[in-house]
Each structure stands twice: as structure tokens, then as C-alpha cells.
Amino acid sequence: MTRAALAILRKDLLVERRTRESVPAMALFSVTVLVLFHFALDRDSLDGALASGVLWVTLLLAAVLGVGRLFASEREEGGMDGILLAPIDRTAVWVAKALALLAYLVVVEVVAVPVFALLLLGPDLVPALPALVVTLVLADVGLAAVGALVAALAAESRARELVATLLFLPLVVPAAVAATAATEPLFAGAQTAAGSGRWLVFLAVYAVLFVLLSVVVLDYLQED
Amino acid sequence: MAVAAAAFAAAGPAQGVSPAVEVRELERSFGERPVLEGVSFDLVAGRTLAVLGANGAGKSTLLRVLAGLLRPHAGSVRVLGAALPEEGWRARARVGLLGHDSGLYRALSPRENLRFHARLHGVGRERVEELIDVVGLGSRSRDPVRELSRGGVQRLAVARAVLHDPPLLLLDEPRSGLDPGAEELVEPLVGRSSGRTRVVVTHDVEGALEECDTALGLLGGRPAFLAPPEALEPAGVRRELYR
Numbered sequence: 003m004t005r006a007a008l009a010i011l012r013k014d015l016l017v018e019r020r021t022r023e024s025v026p027a028m029a030l031f032s033v034t035v036l037v038l039f040h041f042a043l044d045r046d047s048l049d050g051a052l053a054s055g056v057l058w059v060t061l062l063l064a065a066v067l068g069v070g071r072l073f074a075s076e077r078e079e080g081g082m083d084g085i086l087l088a089p090i091d092r093t094a095v096w097v098a099k100a101l102a103l104l105a106y107l108v109v110v111e112v113v114a115v116p117v118f119a120l121l122l123l124g125p126d127l128v129p130a131l132p133a134l135v136v137t138l139v140l141a142d143v144g145l146a147a148v149g150a151l152v153a154a155l156a157a158e159s160r161a162r163e164l165v166a167t168l169l170f171l172p173l174v175v176p177a178a179v180a181a182t183a184a185t186e187p188l189f190a191g192a193q194t195a196a197g198s199g200r201w202l203v204f205l206a207v208y209a210v211l212f213v214l215l216s217v218v219v220l221d222y223l224q225e226d
Numbered sequence: 006m007a008v009a010a011a012a013f014a015a016a017g018p019a020q021g022v023s024p025a026v027e028v029r030e031l032e033r034s035f036g037e038r039p040v041l042e043g044v045s046f047d048l049v050a051g052r053t054l055a056v057l058g059a060n061g062a063g064k065s066t067l068l069r070v071l072a073g074l075l076r077p078h079a080g081s082v083r084v085l086g087a088a089l090p091e092e093g094w095r096a097r098a099r100v101g102l103l104g105h106d107s108g109l110y111r112a113l114s115p116r117e118n119l120r121f122h123a124r125l126h127g128v129g130r131e132r133v134e135e136l137i138d139v140v141g142l143g144s145r146s147r148d149p150v151r152e153l154s155r156g157g158v159q160r161l162a163v164a165r166a167v168l169h170d171p172p173l174l175l176l177d178e179p180r181s182g183l184d185p186g187a188e189e190l191v192e193p194l195v196g197r198s199s200g201r202t203r204v205v206v207t208h209d210v211e212g213a214l215e216e217c218d219t220a221l222g223l224l225g226g227r228p229a230f231l232a233p234p235e236a237l238e239p240a241g242v243r244r245e246l247y248r
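Sequence lines, in order, name chains A and B.
Sequential numbering from 3 applies to the first sequence in the working numbering.
Sequential numbering from 6 applies to the second sequence in the working numbering.
It is worth saying that the hints were derived from the structure and are not from the lab.
Glycine is no exception: its CB is placed at the ideal position from the N, C-alpha and C atoms.
Treat the hints with caution; some may be incorrect.
Beyond 10 Å from chain A on every Cβ pair, some chain B residues (computed) [to be verified]:
| id | residue |
| --- | --- |
| 1 | Pro24 |
| 2 | Arg29 |
| 3 | Ser45 |
| 4 | Gly61 |
| 5 | Ala72 |
| 6 | Gly73 |
| 7 | Gly86 |
| 8 | Gly104 |
| 9 | Asp106 |
| 10 | Ala112 |
| 11 | Glu117 |
| 12 | Arg130 |
Here chain B is said to cover these stretches of chain A; the calculated rule only asks that three of the stretch's residues, wherever they fall, bring their Cβ under 8 Å from a Cβ of chain B [what the hints assert, rightly or not]:
| id | region |
| --- | --- |
| 13 | 13-26 |
| 14 | 170-183 |
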């Protein structure tokens, strides 16, 4: 499975590097939303719950764009048949798509978080950065697992982007709430994840749960 | 009429020979709409079945069922000894499908496309290089597929379909977009001389009757005839299927 998953992941990253259809759109969307928040909230700086909420709403909506295009190259160019006819475990497809989405989210966050700190965040970002990175990584794994699952579910439907969004957003609400709660103390001046512990555990459990759930249901996803 | 007289003459399997493809009373629907009904045939290894019919007759659906990409809703299908869909995993890797879509990534080069599929099938790079040369894409092997001509894309799609040397080929209009020179290039890969078992979907009635061992005509998803080509006349086939 590892060989196939890496082959598909490598192909996806290569296609994305050449076409630039997902990550730049996600990054530009994030920056635009942050600029809009900057002016709409009419405040020089944010902290605590509001800052955390703004960051996670922005990242969550950017993730929706990535989920919608996760199977785009297979859908638009008929590549899925070739993958399904290969002697590979179908779980490899989901693993590759989840890892691709994870990579997209990381790149978007590398762009969006500094912009957020520059435009909106009151407290200094640097001391909170290690704990924030832990929170981002745990949340990203959950978002990537759910995103790849719903993208696979929606891939063959006619209104696939709408279906993917309608499935994705309700499923990631618990992760978004936990990520927001885990980030709040970091943006309120705390420099460690001490106050975020139970929320980080929740994010880890959420990620593991959806990874397992995806593996269990995956064989049914790509059959007609 | 030639078609009516020949209808279903070739439905039975050759005695003592195990067929590579066995289809019995196959049915397949999309929603409430039946697309295939009562389709039965045997195809002996190394032989060619031509599937003829108007647009929407169910030809491509039949190919996708045989490839294990669509489940049969009724009837039985055995491909290379594997019952579908239960044992589809056994057959899938031994099938080469050349479908409507090329299945190629336009942003990638011919070499990158073939290497990707080679990794999935566990095929070595030498085979990739060999096929690039055979289909005459050596000088374009680094260009993105979107810059190739239609014929170039079709040649590459043929190379992708036979990359893992499958014993069974499922071909949907394999010569589409190919000039006579390109047809010669791909003949050893997907033509009669390849020696592979082939199911060929085409609108080229004369060409199909020349190169097949059995012809299956589909009319509205139902078999109109199943006969050896000697028993069929192109004009009669056209009247029967494209009226």
C-alpha cells in the first residue's frame, strides 16, 4: 500500500506544482478573508477567543476549496479508472489524497498564519508558536482525513463540490471547535499548550477516529 | 436478412475450450433506466469480440462491467476465471482498458504518466521506455500531454493500456484519432497481431467485421445479434443497429 500511496501522492503534488489549481487559490482565499476581517472588525488587533475564531474560520473555509479539488485531476482527466484497475489496496488512494490535502493545508498555514499575525493578532505570535504548531498539525490531520473521505464519497456525484462541502463542514465542526478552544489561550498571552490539553487530546482522538473510519468504509466508496 | 439469420449463431462456447470471458444474462441499469439487458456471450482466449451499436446502446457500459468498474445488477460475468464482482480484484490487474477518456494527466509528460501507472502496477522503467519508443513518442516524452496532438494522446493511451502486458484488452474506439502510420504503430500492441483476447467497441462496422472472430450487436442495451463476421453484411448490420 505504501508504494501505491506514495506514487499517487507524488503524482498529485507534481500535478499541483504544474497546474497550481488548489494551493494558490486556498492561500489567496485565506489572505483575502483575513484582510476582510481586518477591515470589517474595525479593530487594530484581536486576542483570545475572537482571534482564535477568526483564524480557524479562515483555515476551515480555505480547506473547503482544497477538498473540492482533491479528486479533480482524476475526475477531469479520467485517471480514476487507471488507478482502480491497478493491483493496489484502495486505501492507498485515500491515504494519498489525505496526505496531499495535509500538505496543501500546511503550505496555506505557512502563508496565512504570518499574515494573520501581521494584520490581526494582538499578542506576540512567536512565544506561542510551538504550541500553535502542535494544534495546527493535530487539527490538520483530522481535517485531511475527513476531507479525503468526503471528497472520495462525493467524487462520482453530479454536484460533487456541493456534496463535498455539505458533508465536510458538519463533520469538521467538532474539530474546528476544539482547535479554536485549544488556540484561544495561546492568543490570550499563554505561551504553552497547558490550558489546551484536553482540546488537543480531543483533536488527536478525532483524527484517529476518522482515519480508522475512513479505512473501514473505503472499499465501498469507489464501487458503483 | 443476413443479421437475423446469423443472430446468436455463435452464442455457445467452443467445446473443451475455457473462455476468457463468460457473460450470462447480464443486466445493468443506471437508476431506473436499464442500459444492458439479457447480454450473453463467451469469448475464447486470443479471440476478438467486436461490439457494435449506436450511441447509448450500452457498449461502453459493457466494457466497464467487464473491467470490474461497474457491478452487474443481474446475471453472471466471469473474466479470466474470476467471477465479478466478488473476485474482481483478481481480474482487474490483468485487464487493459482503453476507454472514452485517455486516463492521462495533461499536466504531466508521457514519461511521467507511464511511470506513474508503472509504479501502480509494479512494472519496471525499461517497459516504460520501450513503450514510449514503440508508440513513437520518444521526441515528445518530456512535453506535457496537453501539448500532444490527438493522435499522440491516443498512442500514449494505448501504451498506458498495455503497460502491464494484460492478457485481456477492453478497447473503446482504439483507432480514434490515429492516422494510418499511427495505426501501424499500435497494431502490435492492441491489434489482432497482439495475440491478446480483445473486446473492441467501435462504430467502424467494416473494420470490426474484418478483424473480429465474433460480433455482438447491441440495440437499446439488448443483444440484436451475436454472430461470426462471415454471417454478417455491413449494410445489414447498419440497418439493424443504426436505423
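Hints, verified against the model:
1. Pro24: 21 Å, holds
2. Arg29: 20 Å, holds
3. Ser45: Non-interface label on Ser45(B) holds, nearest chain A Cβ at 21 Å vs cutoff 10 Å.
4. Gly61: 18 Å, holds
5. Ala72: 6 Å, violated
6. Gly73: Violated: least Cβ distance 8 Å, not greater than 10 Å.
7. Gly86: 16 Å, holds
8. Gly104: For Gly104(B), whose nearest Cβ neighbour in chain A is about 6 Å away, the distance does not exceed 10 Å, so it is violated.
9. Asp106: Non-interface label fails for Asp106(B): nearest chain A Cβ at 3 Å, not farther than 10 Å.
10. Ala112: 4 Å, violated
11. Glu117: 7 Å, violated
12. Arg130: 13 Å, holds
13. 13-26: With 5 residues close enough to chain B, the hint holds.
14. 170-183: Since 0 is below three, the answer is violated.
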